[in-house]
Structure formats: C-alpha cells, structure tokens
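Please model the complete structure; the sequences and the hints are all you need to start from.
Chains as they are written, first to last, in the working numbering: chain V, 1 to 296; chain Y, 1 to 496.
Keep in mind the hints are simulated off the structure, nothing from the lab.
Quantities reported herein were computed from a predicted structural model and do not represent experimental measurements.
Ideal Cβ placement from N, Cα and C applies to all residues, glycine included.
Any given hint could be a false lead.
27 angstroms max Cα-Cα, derived DSS-like pairs, lysine-lysine [to be verified]:
hint, chain 1, residue 1, chain 2, residue 2
1, Y, K75, V, K72
2, V, K266, Y, K125
3, V, K64, V, K34
4, V, K244, V, K64
5, Y, K280, Y, K326
6, V, K88, V, K72
7, V, K244, V, K34
8, V, K64, Y, K125
9, Y, K125, V, K210
10, V, K265, V, K210
11, Y, K125, V, K265
12, V, K176, V, K143
13, Y, K125, V, K72
Non-contacting residues of chain V with respect to chain Y, defined by C-beta distances greater than 10 angstroms in every case (computed) [what the hints assert, rightly or not]:
hint, residue
14, P47
15, R74
16, R75
17, G107
18, S132
19, L165
20, L178
21, Q209
22, R224
23, P241
24, S259
25, P274
26, G292
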Amino acid sequence: MNWKRVWMVPIAAWGLVLAPGYEARGAAEPAKEKTPLRIAVAAMVSPEETITVYQELMDYIAAKLERPVELKQRRTYQEVDDMLGADKLDAAILCSGTYVAAQRQYGVELLAVPVIHGAPTYRSYIIVPQSSTAASLDELHRKRFAFTDPQSTSGYLYPAYALMLRGRQPETFFVKTLFTYSHDNSIEAVAEGVVDGAAVDSLIYDYLQKTNPGLVARTRIIHRSPPFGAPPVGVPRTLNPETKRLLRNLFLEMDQDPSGREILKKLGVDRFIPGDDRMYESIRKMLEMVEGVKAR
Amino acid sequence: MSAWAGLRTSLAVTFTSRIFAFVSLIILGVVGYLLVHEWQVLEHELQNRGLLTATHLAQQSVDPILREDDYALFKLLQALRATYGRDLPGQERIAYGMIVNTRGEALAHTDPALVHVTLTDPRTKQILARPEPSVVWLTDPDGERLYDVAVPIRMRGLPVGAVRLGISRAGVDRLMWGLAFKVFAVLFVLMLVGVGSIWRFSRRMAQPIQRLRDSARAVQAGDLSQRVRVDRCDEIGELASAFNAMTAELARSRDELARKEAMRARLLEQVITVQEDERKRIARELHDETSQALTSLMVGLKLLEQRPELVEGREALADLRALASKTLEAVHDLALQLRPSVLDDLGLVPAMERLAADFQRMHGIRVAFETTLRIGPRLPSALETALYRITQEALTNVARHAAAHSVSVLVEARRGSVTLIVEDDGRGFDTASCMSGARDDRCLGVFGMRERATLLGGTLTIESTPGNGTTVFVEVPLPSETANDRAQTDPHPSGG
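Have a look at this one:
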C-alpha cells in the first residue's frame, strides 16, 4: 500500500498546482512530504484576531511541518463536519458544539485546546439591558430574546437547554425570538433595547467590555453558564498518526517558539494544551437533551 | 493738509471704515464658519455612504470568496463601478476598488494589473492587521483627493478578507467651492451696497461738524457775527447752540472792551486837558502874580540900596537883590516849562525853537531843530500841545539817561500827517524791557508819549539798541480840513 502512496506524490504535487481542491493523503515521511495539509477554520477562537492570522498560522504550520498547508473556510458548520468525515480535511478549528457533533457523528478526535485568558473554557452569558429589572432567565418569560446562531453553544444551545430544564421551549417561552448570527450584534441589540435579553459568548462579551465599554455598560449579565470547553482543534479519526503527532506537538509547543508566540498573540490565545474530551461533556449532554426534546 | 492726510482723518472715512471692517469681520466669520461646517457635514455624509457601500460589498463577497469564485467577485466590482463611475456634483465617484483574501491577495481589483497580486501597501496592511471599518484621507499620484474606505469581510465573525474602496472627493470639493464662490459673490455685492449707505450716512453726520469747524475758523479770524444753524436735537444741536452762545458772548465782550477802551481814552484825554489847563493856570499865576511880586520886591530893594543912610546894609541888600533876581529867573523858567506862552501865542515852531535853545543852554547838549512847518496855518492846538509835550519828554529822557553829545529834532508835515523825529547819539536802551511791563519811570514816560500820540490817532515808535543811540518816531494824521489848507498853501515844503 505504501508503494502506491509514494507514486501518488508527484501526482499530488501537480494536483496542488492544477487543482487546488484535489485531496490526497500525505505519506509517512514528514521531511519530504509535499501533499498539502488541508485545515479548516470554522470558529473564531478569539475576537482579537486579524484578517491574516489564520493564513499566518497556516504558513507557520507549513514551515514547521515542511509541507504546504491550505486554509479552508465553509459557510456552515455542517459542511466542515462532513468534510472531516469524508476525509476532505486533515484538521479543523471547530466551534465547541461542532466538535461534539463531529465527534459523535464521525469520531473526530481532540488534538489541542486553546487557553484563552488563563482558561481553556468559556461560558454563555444571559444579558439584559442595564435598565431591566429582570434578575433571572425566568423573568424573561414572554419577552423578546435574541439568539446568535442555531448551531452556537453559547448563543442558542445553552439557553435552550436551560429553558428545557424548566420544561419550556424557547419558541413558546419568549413572545418573540430572533437570530442575529453575531455575538456583537446580540450585545448591541440588548444595549439598544431592541430585545429584552440575549445569550452571548463570554469571550466576546469580555473583549467588547475592553474595546467598547460604553456599549457593554448598557447591558447587565443576569446569568452565567457553567464552563464549556474552548473551540478545539479537531482531526479526523483516520488522520495519519505521524501527522497527528507532529500537528499536536506543533500546537502544544507553539508558545515556546518566537514566531509561534507571535501568532498566539495575534490569535489572542495564551497557549494550547492537549485537553480532555470530558471538558465537552456538558455540551454533549445539552445537545442530547435538546435534540431529544425536538425529536418528540 | 494733503489730500491723503485729509482723507485719513476725515470723520466720514474713519467711521465708515471702522464699521465696515467690524461688520465684515463678523459676516465673514459667520459665513466662513457655516461653510466650513457644511463642508464637514458633506464630508461625513460621503464617508458614511462609502462605508455603507463597502459593507454591502463585503457581505456580497463572502460566498464567492469561500467558493473561490473570482469571476463573481469581478462582476461585483464591475457593477459597483458602473453605478458610481461618474463624477456628478454631490455624487461620489469610485476611483478604485479591491477585494482581498486572508493573505492580502487581491482576488478582484478595478485595476486589472493588480488582480491576484499580494498587496503590500500600508493601507492594505492596516486593514489586515486591524480589521475594523475605517476611512482614511488619501491623495493619489495624480493629485486627486480620495477617501479610502476599508471594511473587513467576516463570516460568523471569522475573517475571510477585506474590501477597500477609493472614493473621489472631487464632487464634494466642487460643490463646496461653487457654493463658497456664490455666497461670497453675493456677500461682496451686499457689502458694497452696505458701504455705500454707511458712507452716505456718515457724511450726513459729518456735515454739521464741518459747518461748526468752518464757523469756528471764521470766529478765530475775527468774524464774531458767525452763527450756526441749529436743526438737530442731539448733542450736535446742543454743540451748535453752545457755539452760538459763546460767539455772542465773545462779541459782547469785545464791544464792552471797545467801549471801555474808548472811555479810557476819553478819560486820558480829559486828564491831559485838565493837566494842561492846570499848568496854564499855574504858569499864568506865576507870571502875573509871582513874577510881578518879585519884580516889585527887586525894585524896592534897589531903591533901598540907593538910600545914603544904609551904608552897612548895602552889601546885604545887594545880595538880597541878586537872590530876588535869581528867584525871578527861576520862576520865569518854571512858568516857561510848565506852559510856554509862546506855544499858545506864536505856535509850535517858535515854542520848539525856544525849547531847543533852553535845553542846549541848560544841559550843554547840542540840539538841532528842523521843521517844514514854518509857513501855513497853525495845527490844531491839541496836536501842537501833544507834539510839544512828546518832544519835551524825549529831551528829558536824553538829558537823564542817554549821555549823548547831540540831539536832532525834526518836524515835518506831509500830505495828511505830521511827523516828529527825535534822534540822539547816546547810549540807547533796551526797548523790549518797557514792553514787558517794567515799572520804572522811564517806561511810564514812554507809555505817556505813546498814549498822547494814540489819542490823536497817531503812532509812536522808538528805535534803540544799546550803544547805538535812540530815535523816537511819531506820526499823527492831520484832520482833513487842516490837511487841505496846508496843501493849498504849502506845495513845496522846505527846511529851515
């Protein structure tokens, strides 16, 4: 089998030039490997990123692993999940919820978890306008509420789960719901009084508090969720073990390398740790429960 | 005053120019501020529209970028260019546009040469490093002023690339310059009109002041009949009234002064007349009574001297007789000095001759008397008396102060006036000291001489410098009948 793979190397090299979408598996010789590594970025790790940071990350990986790396981006989480399952990706930075789904569906494995502001976790905040008298989620009964994205853990899954624990459903508990598809937008909607409450990502909320304190000051957190694992780097189950090892070491040692530290700084990440699947157990449970309720 | 200096200080000019400057400053300040403000508003509008356009483009670009569909991106830019490609006033023109990916590579660019080129200019680097919407002012190599609008392209917060648009400000610039030009043109015309009316107004204001000035100058030149028309109720009207009152008062004072002067002159005349009459009386008394008494005394003494029985007393009697004789002579001289009868009886010329002779005899100073008055009717007695007294005083001064060797006295009659000149070769004196009001008797004597001349309508001048002698000039006009008489009888005056 290895022999066939070796022959595919020049073809793969041509493929790199002629067909950017051509997928091929890399061989086991890391030093001479020329098959491009396909890595998707499907989740924002931290709100402080620059536009070029992911490209720079790719270049960093390419330099360290001595093979070309392609950056992939897709509109929906599901697409990325499916690409992981279909061997169309070698690694992906996933939203926590997406990782859980992909792990369940395709056996995607945890490669590394970022530590942001000292913790490899984040939370969901339920926020209301500063002038609101509500002090808990229950008091938002029959009010207007903003979610971010149906696939967002902090922006939909958690509040839905919290309501379902009370035997309620978001569609009927609130008089009106909407999806802003952006945590910034949700915060603004609350600050402006367009909605009476919203669920947002704690990382983004905390970041905005530093960069736009005036806006954030017009909101108030009435509930903080338990911690969820931060958006991890996930790899397909079928990834070449050597590649997996190299990639994992790369992420774990990134903070010890000067150019790696540069990228970490631009990402707004302290460092990467190996992480533990148990950090995502809470999300898994929430997902099961919400899906279960929906299925009924 | 030169025309330019007159213009500079003219009331109308300073008033108008000050008001004009002040009002211009205010108007220009306000209008300038408004225009600048308007400009800023327009600029903000332009920037906001640019951001809106770029944001819209960014949203439309997400899917094509993920699909890696360069053609779709190209069409997007083309559509944008078509809509905003023209430079209409108030509408912005898109000078350039580009869509870059996470590498900074231009996936689409309005400049075909830059498609698929990784851009490294500072502005692109800036948006890639700090993905926030921003607007920057630029000037392109052709000198065109632009806004560079940069907006990040995000998908669910993830950076996907960036959009940059260059929007021309030429439209706004032109709009604002046009507006500014029109506004200032209108302002200019209005201000000209304003200046014109302010000028007219200030001239009307200045007129009464000018009239006052002219009247004041006339009063200064001596015309106290000036009165200014009072046709206003304000301060200028009050000034005019006050001016009229002042001038009336000045006229009244002047008349008063003239009256007093006339009275004083009459008084002085009267004093002199009384004085002369008194002298005449005393002289006559001395001559009639006192001389005769003395003469009788002398005769009696002579008879007594001839009595044979008074032998021892004969010397004493002779002495007494000599004393009486001397006294008689002294009284005679005194009477002559007081009022020479020859002056009344024979006239000025013989009196002057006698005076000259007596003076010469008494003081040892040579006196040369010349006159052209020998022939013809006599002068009025007041005139003769005055000339005699003046000459007497002048000669007395020569005797007392001049230390001279000789004096000449000249009396001449010309057409209409008589001239008296007394000139000595003494040591002179400083005439100015008498002018300053020095109070010694010499000055009083000079004052007296002058007054006598002035009373008769004549003038007296003294020329003297220390060391060069003194000359007294007197000129007195003849009353008309006397002048005519003299003219008939004395066509060729000759010296004596």
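For this session: Identify every previously stated hint that the structure contradicts and give their numbers, smallest first.
Result: 14, 15, 16
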